Structure formats: C-alpha cells, structure tokens
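Visitor: The residues making up each chain are set out below.
Number of protein chains: 2
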Amino acid sequence: MSDQVLDVVGIGNAIVDVLSQTDEAFLDAQGLPKGAMTLIDAARAEQLYGTMGPGVEVSGGSAANTMAGVASLGGRGAFIGKVRNDQLGGIFRHDIRATGLIFETPAATEGPPTARCLIFVTADAQRTMGTYLGASVELGSGDLDMAAIARAKVTYLEGYLWDAPAAKAAFIAAAEGAHRAGRKIALTLSDPFCVERHRASFLELLCDHVDLLFANEAEICSLYQVDGFDAALQKVRGHCETAVLTRGARGAVVLAGDEVHVVDAEPVQKVVDSTGAGDLYAAGFLHGYTKGRDLYTCGRLGAIAAAEVISHFGARPETSLAHLAEARLGAA
Amino acid sequence: MSDQVLDVVGIGNAIVDVLSQTDEAFLDAQGLPKGAMTLIDAARAEQLYGTMGPGVEVSGGSAANTMAGVASLGGRGAFIGKVRNDQLGGIFRHDIRATGLIFETPAATEGPPTARCLIFVTADAQRTMGTYLGASVELGSGDLDMAAIARAKVTYLEGYLWDAPAAKAAFIAAAEGAHRAGRKIALTLSDPFCVERHRASFLELLCDHVDLLFANEAEICSLYQVDGFDAALQKVRGHCETAVLTRGARGAVVLAGDEVHVVDAEPVQKVVDSTGAGDLYAAGFLHGYTKGRDLYTCGRLGAIAAAEVISHFGARPETSLAHLAEARLGAA
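Quick mapping for you: the protein sequence lines, in order, are chains A and B.
Quick note on the numbering used here: the first sequence kicks off at 4 and runs consecutively.
Quick note on the numbering used here: the second sequence kicks off at 4 and runs consecutively.
Treat the hints with caution; some may be incorrect.
Stated by the list, open to error - For each label pair, taking beta carbons as the anchor points, the in silico distance ranges come out as:
id : chain 1 : residue 1 : chain 2 : residue 2 : range
1  : A       : Pro270    : B       : Glu321    : 21 to 31 Å
2  : B       : Ser323    : A       : Ala330    : 32 to 42 Å
3  : A       : Gly260    : B       : Gln50     : 27 to 37 Å
4  : A       : Pro270    : B       : Ser144    : 52 to 62 Å
5  : A       : Arg202    : B       : Gly34     : 51 to 61 Å
By construction, these hints were calculated from the structure, which means they are not laboratory data.
Since this is a predicted model, take the numbers as computed values, not measurements.
Built from N, CA and C at the ideal position, the CB exists for glycine as well.
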C-alpha cells in the first residue's frame, strides 16, 4: 500500500465547523464581513460563540472538504493537517478517515485546541465565517508525509494556510518535493481577504511553484488588483499551466495555455448553504484531472460536486459523488 | 427573574448526538437492535465510532430535545443534566442556553467525559442508537435546582435516566419537591428496552408520582406486558391523571379520566430522520398543557412539533415552532 499511487494529497487547516443560521443584522452587529472568512483569536471565538444560536458541528477545513469530495468521487488520497489531541480533534480525525482518506499527521499534545470555524448561514444561503485557527497553525514541514506527496499525482495546497508562518515553509517544501517526484502542485487562493494579506507572496508562489490554480472571481481580481473578471483572466494566463476560475451561478472558466473552456454551473433546485462550494468544485476538477479526463469534463465534475454540497447544510458531500457524477455525465 | 414561573423544567441525560447514515447490514453486523437505544460502555463506544461513517454532531438527549422544543414554541424553561467540563460539554451547554433555556447544572470536573449517542439513520428514516452515558450518570439529587422545580408548572422526567442509580433517587426528590409546590410531574418511558430493564419501578413511579405520562406503543405494551395497543390503553387508565400514547404515523391517543382524544399525525412531505419524534411530540403537548390549552389542541401541538423534527436530520427543531404552530393551528 505504501507504494501505491495516490490521486491527491491535500494540505490545509484541520478545522471543525460550527454551523448556525442567522440574519444580516447579527452579522452587522458582530462586525463580520458577509461572505468572507475573518480570522479570530481565542477570546473573540468564545465571545462570538456565546452570541451564536444552537449549532451543528461537522468536520470542515477547505482542503479537507476538497479531499472528502475526492474520496466520495472514488479517488485515493491523503490529508495533512494539524489537530490537537482533544475531542474536536478526535472528531476531525474520525470523519476524514471514515471517508477512506489517509490521515496520519500526529495530533499536537500541547498548545491551543483544535481549530474551529464559526459559520453563520443567512437566509440567502451565503456563509460568513469566523475562524479560530488553534492547533492548525502548528503545522510545520516536519508534519509533511513526503512519501505520500511524492506518490500523489497532485498535491493540493489551501491558501488559508498562508496565514500560518510555519505552514508557509511547509508549503514550499511540499511543492519542491512534489516537483522533484515529477508531480503537480495545485493551489486554491481560498478567500479575497487572505489574498490581500499575502498578495506578493501568493504571486511568487504561483509563478515559482503552482501548476494548477483554483480561484473565484473575487480572489483572482484581488490577486491582480483589477476590477473585472476579464481583466484578471488575461493576467493569469501564463502565470500557471492551468487556471480554474469559478464564478458561482455564472459557471467557471478553465484556462490552459491556448485552451479555454467556459463551463456552466450545474442547476440546483434550492441553494441551502453555499459553504464548501469552492472546495467541492476543486474536488470534482481534481478528480477528473487525476483520472486523465479532458479539461471541460474536469470542469463539469467540479460543477456537479459543487451543486451537491450547496443543496444542503454543511461543506462535505452527503451523497455518493461517484454515483452522482456517473448519472450526470452519462445524461449529458 | 428567580421568582418567575417557568413552564417546564426537564431533567435528563445531557448528550451530544453523533449522526450518520448507514444501512441495515451495518446494524446487523454490529448487533444493534434497529429502532432501539442500546447502552454501550466507553470501549464499545470507541469501537463502534471507529466503524461509523463521517458524522454530524448536534446536541441531543431526550428531555433536552423536548426542552429545546418547548423553548422554540415560546415556553420558558430550564434543563437539569450533567456534562463533563470538556469540549462536548461546552457544546451541549452552549446549544441549550442558545435556545433561551436556563441551564445551570455544574459540569463534572473529573470522571467520564460528556455523554454521546451514536445515531445510525437508515434509508427508511429509522434511527438506531448506541448511547455512552459518560458524565450523565453522575447526576444526583445535589444537582437539582429545587427552586426552579418548585416554580415550574411541570417537571418532565426522562425515563432513560432510570438507568443511572443516583439519578433515580434525584427523580423521586424532584417529584416530591414539585408536588409539595402543587406542581405536576410528567414522565416519558423513553424506550421499550429501558421499560423492560425497570418495569416494576416504573410502575411504582407511575402510580406514586406521575401526573402526565408519555409513551409510544412499544413502550406502553412493554410496561403492561400486553400484546396490543388497545389492551395497554385499558391498563393505563387510572394509573395516572393524563396519558399521552403516541403511535408514529398512526397518530396519538390522549387519555384523561373519562376524556379520550384520538389525534392524527401531521402530514409530512418526506420523513428524513425519525430521531426526536417522541421528544418533540412531548414538547408540543407540554407547551399546550402549560398554556392551558384543551387536551386535543395539546395533542395537535405535539403532532406539529414532531412533524417538523422528522422532516430533517437531527433531533432539535430547525424552524420556529411557535410560527409553525400558529400557522397550522390557525389553518385548521
């Protein structure tokens, strides 16, 4: 098993989500920018949790959600991320392993508790997040399973980890290790505010290490400091081998050299909670990519996986994406 | 505030539920009797959790779910139950307080962790439970807020607590305190296996202390060791002031002296997960009862609250039951 090829290794924050429904007035009163991810410290997390309605806990983390999607599609993979040896850490570990993924990063035995993300879902299905990174920021190069990275077709990096200095160094080490083994590196920009905090180093990372970029419209515009999607699109060409730019209900654009695809969003009966839409888009795309599908089909798989996750509460798939993809692609 | 009348005080196990979808073959392989609650120890809980798919964590506990329903209907109440001072205990405390309920039972600072209930939901929406009682069994008479009990119109006792000897003594103390203050005692039998374990003492409790009994068909038949619902119905008359017997989709029967009501189940578009159906039936009924509604309307309120909770995953209401009740009762 240890020399078996993996499809994707994901590296990201190991987070348990706490989801609750709320209204706009609450977000205003708490000063939370709607639709974005705000980093919060332990004290703020406690205060914010105290004002939150009854919650539902479910394992999350952007790259971890993506990996759960890859597993649901039938891909083989591993996740690398840091929890504490506490109850929430135990939940995270159980859930990611229960999807069939390998997860061997040792839990921290001291320091801050397992990360949590307070997610406020409004009636328009938009999600607004306050993240306490906790033990997640302890992830360092020593936690990387370089053997897994070397035997994975793609190593997928979560931009959010850029907020943790030790993880940033781990990122570079992972990218170098993957490339030495002739593998690909994918990156998601994660969040426009995250891009703003780290614009210069993201651009450097992109040019030097990234083969496959995932970004939504706000993120890619923030990266290049341009106003419109088309302007950002022109800039990203040439900065990496393949760029996957998602635009919510307006679909996605896939760029690879001279190749361009415009992929429509998959119809959804009712959008319940947009948490995880980008994560699952990446899952579908990466699954297609690692199985050698053409780029348009990769985009379709992304759209199908994203449509499933936004049709219910929570950021991990609730139905077999492999069955769903088979039905949808077969029908097309 | 401390002399304000409360509608209901609930006493029960303080549990965090871990829900996961599964199939019949899994239940067979794990030897779990479908539809029932099986008590498990720490080692079995760990083993069973290891075989479980990815889970969703949400505060549970039978009487706690009922109290969350009472709060959602606009009732004032308190919950008494024991958690440990750990992360799951913090989640339980947060969630029950976030519904507006008073919850002041001090957390255990040593001993077993907060209770959890592994809930396996099959495609037919039936739930099968494995409960590790953990810190819950530490509840004793010293944890009772006798002032709250004295000022609550009804004190509602969860039959499941009968599995914990110290809690059993607390039950009797609560019942005596409530009656001294001229208040009512309600009991739910909770589970047919629970009834089987404690039949004689349940019958004694019923005759000596209970004004208002909640039981489903399997439980009441187990209590009186009879085969049919009608036979059980004849037996329970005279054993307590009011008996509320629920029969799932076949509705409920309410008995009070010579008064008898047959209340139909509320139509549900799609039953997703029956977890909490009985708990929420009790919530609706108790809310009507403490607001002085007639017994038929109490039954209708129970049916409306139960219908909401079985239409989604998890055992606590996701919409305002007060609004729902207003709309449904108004429409009738």
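Visitor: Does each hint fit the structure? Answer for all of them.
Guide: To see whether the hints hold, each was checked on the structure:
Our hint of 21 to 31 Å for proline 270 of chain A and glutamate 321 of chain B holds, since their Cβ atoms are close to 25 Å apart. Between serine 323 of chain B and alanine 330 of chain A the Cβ separation comes to about 36 Å, which falls inside the hinted range of 32 to 42 Å. Checked against the hint of 27 to 37 Å, the pair glycine 260 of chain A and glutamine 50 of chain B fails, with Cβ atoms roughly 52 Å apart. At roughly 59 Å, the beta carbons of proline 270 of chain A and serine 144 of chain B sit within the given window of 52 to 62 Å.
Separated by about 57 Å at the C-beta atoms, arginine 202 of chain A and glycine 34 of chain B satisfy the suggested range of 51 to 61 Å.
In this structure, only the earlier hint numbered 3 is contradicted, and the remaining ones agree with it.
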